[in-house]
Amino acid sequence: MSTAVIKTDGLTKRFPRVTALDQLTVEVQPGVVGLVGSNGAGKSTLIKILLGLAPATAGRGEVLGLDVATRGPEIRERVGYMPEHDCLPPDVSATEFVVHMARMAGLPATAARERTADTLRHVGLYEERYRPMGGYSTGMKQRVKLAQALVHDPKLVLLDEPTNGLDPAGRDEMLGLIRRVHSDFGISVLVTTHLLGELERTCDHLVVIDGGKLLRSSSTASFTEATAVLAVEVTDHPEDLALEPGDAVRERLAAAGLSVQPEGSHLLLVRLAGDDTYDTIRDTVAGLGLGLVRLEQRRHRVAELFTDESRGGTDDVAAS
Amino acid sequence: MSLPPDTRSADTGVIHDIGYRGYTGPRLGRAYATRSLFTQSLRAAYGLGRSGKSKVLPMLVLGVVSVPAVVMVAIALATGAKALPLDYPRYLSSFAPVVSIFLASQAPVLLSRDLRYHTVPLYFSRPITRADYVRAKFAAMVCAQFLLMAAPLVVLYLGAVLGRLDFGHNTEHFLIGLVAALLYALVPSSVALVIAAATPRRGFGVAGIMGYLAISTVVVAILTRIGTATEFTVPDSAQWFALLSPNDLVESLTNQLFDVDGAVGRMHAPGGLGAVVFTAAVLAMVSGSYGLLLRRYRSV
Ligand SMILES: Nc1ncnc2c1ncn2[C@@H]1O[C@H](COP(=O)(O)OP(=O)(O)OP(=O)(O)O)[C@@H](O)[C@H]1O
Ligand SMILES: [Mg+2]
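Order-wise, the sequence lines are chains G and U.
So for the first sequence, the numbering used here puts the first residue at 1; every next one is plus one.
So for the second sequence, the numbering used here puts the first residue at 1001; every next one is plus one.
None of these hints come from the bench; they were simulated from the model.
Heads up, a few of these hints could be off.
As the list claims (entries may be wrong) - Part of the chain U face toward chain G, derived, beta carbon under 10 Å:
#1 Q1040
#2 P1121
#3 Y1123
#4 I1128
Said to hold, decoys possible - Computed cross-link-like contacts, DSS-like style, restricted to lysine-lysine with a CA-CA straight-line distance of at most 30 Å:
#5 G/K7 to G/K155
#6 G/K213 to G/K155
#7 G/K141 to U/K1053
#8 G/K155 to G/K141
#9 G/K141 to U/K1055
#10 G/K213 to G/K7
All of these numbers come straight from a predicted model, not from anything done at the bench.
Heads up, the beta-carbon is just placed ideally off N, CA and C, and yes, glycines get one too.
Using the sequences plus the hints, can you model the full thing?
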């Protein structure tokens, strides 16, 4: 018996022109899990297959232990879904809409009304919930979309790009809400994004896909470690002006087993391999008689991760 | 996204924050969800649960269709008439154009809106299937149309009973009227729903349905006129043209089946063969449209 909320095995989805999912095998445990991939990576396609709405071309999938190919209606009763696109009729109030969606999930009328009031309050919608949604801000609309996914108290919610279109403050509020969905409500979350950075603080685990293929699936902690790089800038040598300081440092660091890439003429990007990476850099620079101008940690954005991959980069970011 | 500070404080306020409560009650499943969609759509057809503006047209049409019935009953009672001035099925065919306006404006409310605002995929993320969606929407539109026509018939019948008009005759014709109402609710509605499902633009839907119903009626009128030539009454050979228009088809079939409306120029399905063919046409239109709807939503 496994505790996985989502499990796929060789899941493949081919459209006439593209392969949206390519032999995807992944397991998602309870908690907040990020599904990261650039545009067209196959995130929404995966969600549709998991909901039992589109058949897979090959492979298998399970949600909450139910086969996606045969138990779609049961899965959809236990799972909440927040679509990436707009889905709110403008001439209806949030209350009216969420009550309706609760009933569509099988809740009796009274329970639907009670749960709607509770859920809208939890996502932070108050007096405005009685007004037609056409006049709502993007942030309010995203909250209603989240509320309709939660209103029937599902075991798992699939959130497709919930931060889409939000300003930085709105983004933070939404991410905070998503964190609470698991910590306070006890509901597991699968949330998609194309920005790796924004999920680091929210998710326990990250699944990265590109071109429908699994790039990596691991805990957020190990992920950020592996993708963290140090930006190093050194001074010129005080006497030996002919010495190219960057090249010299790079050679020594590479010899010490670190992965180094130059960026521009003065910067070196060194992959953080552990705490002693800092010491190695400091000692190397001092050993050459140079000074450190800058030593700071940077995070890889998911886009860089993909370029690393397509270049067949020397580093092991994707090894899983 | 930012809320005014006073509202936001409620988020952490002691009074409001009573923590999350799970739901352990019953989950009533697919059939219940389908019924909920039916009820919601039926209400939406009359603007209920939607903005105030959305109620104007449905309520206006309901008034236009029902008030004359009230007036007729009042006149019949006041003058001590022996019969209602207009028979039940005849009342419906007279108001068919008004009922068509309701259909043309509300069928897109039920279908085009869900497409336009992408609510359809959201429904399919719930337990209901695509066939359930079509069933609920179809039933809601037919019901909305039926109620619209049944309302004045009920007024007429209650008036007739109160005014002590011939009870047997009125009961029989009231029931015939209800059958006609059901046919009017089924045939034009099913075609209208196919048109509404074809476009996410409400305006196109309204224009498409109104255009189809109006033009087909005009075409039938012209062809019938040509087919009648110099004769005094419409010959059976020209009655066949009614097949081309949903409203005329229903009118002709009910006239023939129940032999009501003795007026000279009345439309009727020509003879026994006509009744069979017109009935087949009704069945084909309704089931064909239903099949097209199922196909339409298979790929949404
Ligand atoms: N119904 C469809 N028919 C044909 N191709 C499709 C269909 N749906 C998706 N695709 C293709 O499959 C690929 C994956 O699409 P998908 O929507 O799953 O990506 P995504 O990761 O959600 O991207 P985004 O970040 O843009 O939402 C894309 O190349 C897309 O064009
Ligand atoms: Mg997507």
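Results of checking the hints against the structure:
1. Q1040: holds, 5 Å
2. P1121: holds, 6 Å
3. Y1123: Holds, because the Cβ-Cβ distance from U/Y1123 to chain G comes to roughly 6 Å (cut-off 10 Å).
4. I1128: Holds - the Cβ of U/I1128 comes within 10 Å of chain G, reaching about 7 Å at its closest.
5. G/K7 to G/K155: holds, 15 Å
6. G/K213 to G/K155: holds, 27 Å
7. G/K141 to U/K1053: holds, 22 Å
8. G/K155 to G/K141: holds, 23 Å
9. G/K141 to U/K1055: Distance ~24 Å between G/K141 and U/K1055 Cα, so the pair holds.
10. G/K213 to G/K7: Distance of about 15 Å is within 30 Å: holds.
When each numbered hint is compared with the structure, no violation occurs for any of them.
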